[in-house]
Amino acid sequence: MQISGAQMVIEAFIAEGVTTVFGYPGGAIMNVYDEIYKQDGFEHILTRHEQAAIHAAEGYAKASGKVGVAMITSGPGFTNAVTGLADAYMDSIPLVVISGQVPMSLIGTDGFQEIDAIGISRPCTKHNYLVTDAKDLPRILKEAFYIANSGRPGPVHVDIPKDVTAQIEEFNYDIELDLETYKPHTRGNPRQIKKAMEAIAKARRPLFYLGGGIINSNASYEVRALVQKTQIPAVETFMARGVLAHDDPHLISMLGMHGSYAANMAMSETDLVIALGARFDDRVTGKLSEFAKNADVIHVDIDPASISKLVNADYPIVGDVKSVVNDMLESADIVDPTRYEGWRETISNFDELHPLTYYEDSERIKPQWVIERVGQLLGDDANISTDVGQHQMWAAQFYPYTRPRQWISSGGLGTMGFGFPAAMGVKVASPDKISINFTGDGSILMNCQELMTAVEKKIPVINIILNNNYLGMVRQWQTLFYDKRHSETDLSVQPDFVKLSEAFGGIGYRVTTKEEFDAALKDAVEKNIVAFIDVVVERHENVMPMVPAGGSLFNMMLLEKKETK
Amino acid sequence: MTESNERRVVSVIVVNEASVLSRITNLFSGRGYNITSLTVAPIPDSKYSRLTIVTAGSVRVIEQITKQLHKLIPVLRVYEHCDMVEKEMALVKFPVTENLTDIDTLCRAYNGKIVNSSENVVIAMVADEPHRVDNFLSVIKRYNPKEIVRSGAVALER
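Residue numbers (the numbering used here), protein chains in the order written: chain A, 169 to 733; chain B, 496 to 653.
Calculated from the structure, these hints are not laboratory results.
Every residue, glycine too, gets a C-beta built ideally from N, C-alpha and C.
One thing to keep in mind: the hints can contain errors.
Unchecked claim - Restraint ranges, calculated between C-beta atoms of paired labels, are given here:
#1 A:His708 x B:Ser499: 46 to 52 Å
#2 B:Ser633 x A:Lys351: 42 to 48 Å
#3 A:Arg571 x B:Ser532: 48 to 54 Å
#4 B:Ser532 x A:Asp450: 31 to 37 Å
#5 A:Ala413 x B:Pro539: 39 to 45 Å
#6 A:Thr354 x B:Glu624: 53 to 59 Å
#7 A:Asp278 x B:Asn615: 54 to 60 Å
#8 B:Cys577 x A:Gly287: 30 to 36 Å
Starting from the given sequences, assemble the full structure and let the hints guide the process.
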């Protein structure tokens, strides 16, 4: 059929099964918005900032496993979206982002709202396109969806000039993709897998190092089976929370800069690291030369460039984690689980020595208590998003995760302002679960305009602000490493968060006691509209334990021991 | 694993399409790799181009460069050369008043000759291995070259 470029975008979305598009209109993308007005194949959610549109699409993608879709205009619309693209790129989140561009005849003339969008998005996308002819549009859109969600997932950006969206051409989406240069590996090499299993059977102190790739590959339940069968202890990265259930006896905890003592000590003492979909990020490894110093490394990853990038892999296996773990399960009989009993005991001794905990030694509510309390009250019924800072680390440490895709947070880029819009996307993708955003008094102001979106579209995100009147994580580093010079981190002056939420039509609570918190949370869940719960917490609490940047994992700053919990 | 910064030659086959070259050069600058020289030309009768990149780095860095290049969607193949034939061309402009016989003899020793002459200058070309081109360029200094241009290397695995 002969249709315009703008109609092609709509048709392609429908063919790809897109049900929700997050976006913000503007001059160069108006032809497409005109077609959005006319169609009823998917819902468009108008965010109040382009950055939030991308984060919402990310939250949607992370919670659903589907490609998140966002649409923005040229120039400032696009540049506002760049942070979101970079965030999705760092955390391997599948997105297709469509931006408008000035007409072809104006490209290169410094036209109104013109910017070299694909030049800017190149280093922060998996791939990008400038569409110069509507004839190419069906193929490009089909490639975009395929590339975004295959191999190591990531954002794909498609920049479409205004005259191309007006151009009328033949549309046929039923085409075979011919991507001769892009063929991601999926099956791992069987001989390498066999060798790896033999190494596991021979190891004395093996350790699973579980990464976010497991969640991307939907392999959590296969990994659970492998852990169960071999009874080898496991640590999770920040991105992998929920791969194992919190009460799985083989799960030690999160490792890394704010990982538990036991997790970091296990990594320091293991003789065989079994890395599944993890990329040895500096926040995980600490000082590289001291990381798992006496261990061989099995590294399973779909991205060949992740293997031996930072830590040399003795058993490199390029492949999709799900397929490789299934193959590993097949030959797991050669592993004798009783062999690691002593090793498991060593680890539980580490955990007894310095458990992940905190002390109730303040008049004010402890921030960790809030996380634990929400865990007790909502547990599996909630999906947890976060912003970035101390609250984020406490949420990673203390929430009892039970399933993959329950935990949605900005790991690689560490984007403040991610949480609220992401939690909206999560709620849209997963309406039966309560969508919680743990945030801080710093982060929440970075995308608080999304109150309007949440009110308009009735997306009942509960934002729990752990309010310490500080940019807490920076304040913590200043306290520890800058001789308590709290430069520009004191947020004593702040809005009335209750009124702020109410001004948009949401609800707000200010909470200073535990009883008030329970009541506020209960009320917010019942009212089922967007809420701010402003919790006044202890101001000077630090996230512990902590491996100082560049330090060794076994050299942690630990919580000072006290008599009472 | 050696950490010394060795000179390496990498050939990359890419789809001929807009902005593919900037994808490659962005990757080098974004990840802090060096480009010593870069030569690009289309492969005849195909939709591909071939790039020859001369770079330097440790074994680990070169391995990363190869893998990261391969990750780019329009990249078909990446070769890290070890046993190759490598050539580079140079053009040099000399004043016509210099000893042209000497210059011509030197050029011939490096697979070259004088290729153009005009009222005031001659242009000589040589084509040889890059280190031999280095030699040539240092030898001809005494003939007061006015302008020198090098092509960057091309290489084929034996």
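Hints versus structure:
no.	hint	result
1	A:His708 x B:Ser499: 46 to 52 Å	holds (49 Å)
2	B:Ser633 x A:Lys351: 42 to 48 Å	holds (47 Å)
3	A:Arg571 x B:Ser532: 48 to 54 Å	holds (53 Å)
4	B:Ser532 x A:Asp450: 31 to 37 Å	holds (32 Å)
5	A:Ala413 x B:Pro539: 39 to 45 Å	violated (59 Å)
6	A:Thr354 x B:Glu624: 53 to 59 Å	violated (42 Å)
7	A:Asp278 x B:Asn615: 54 to 60 Å	violated (42 Å)
8	B:Cys577 x A:Gly287: 30 to 36 Å	holds (35 Å)
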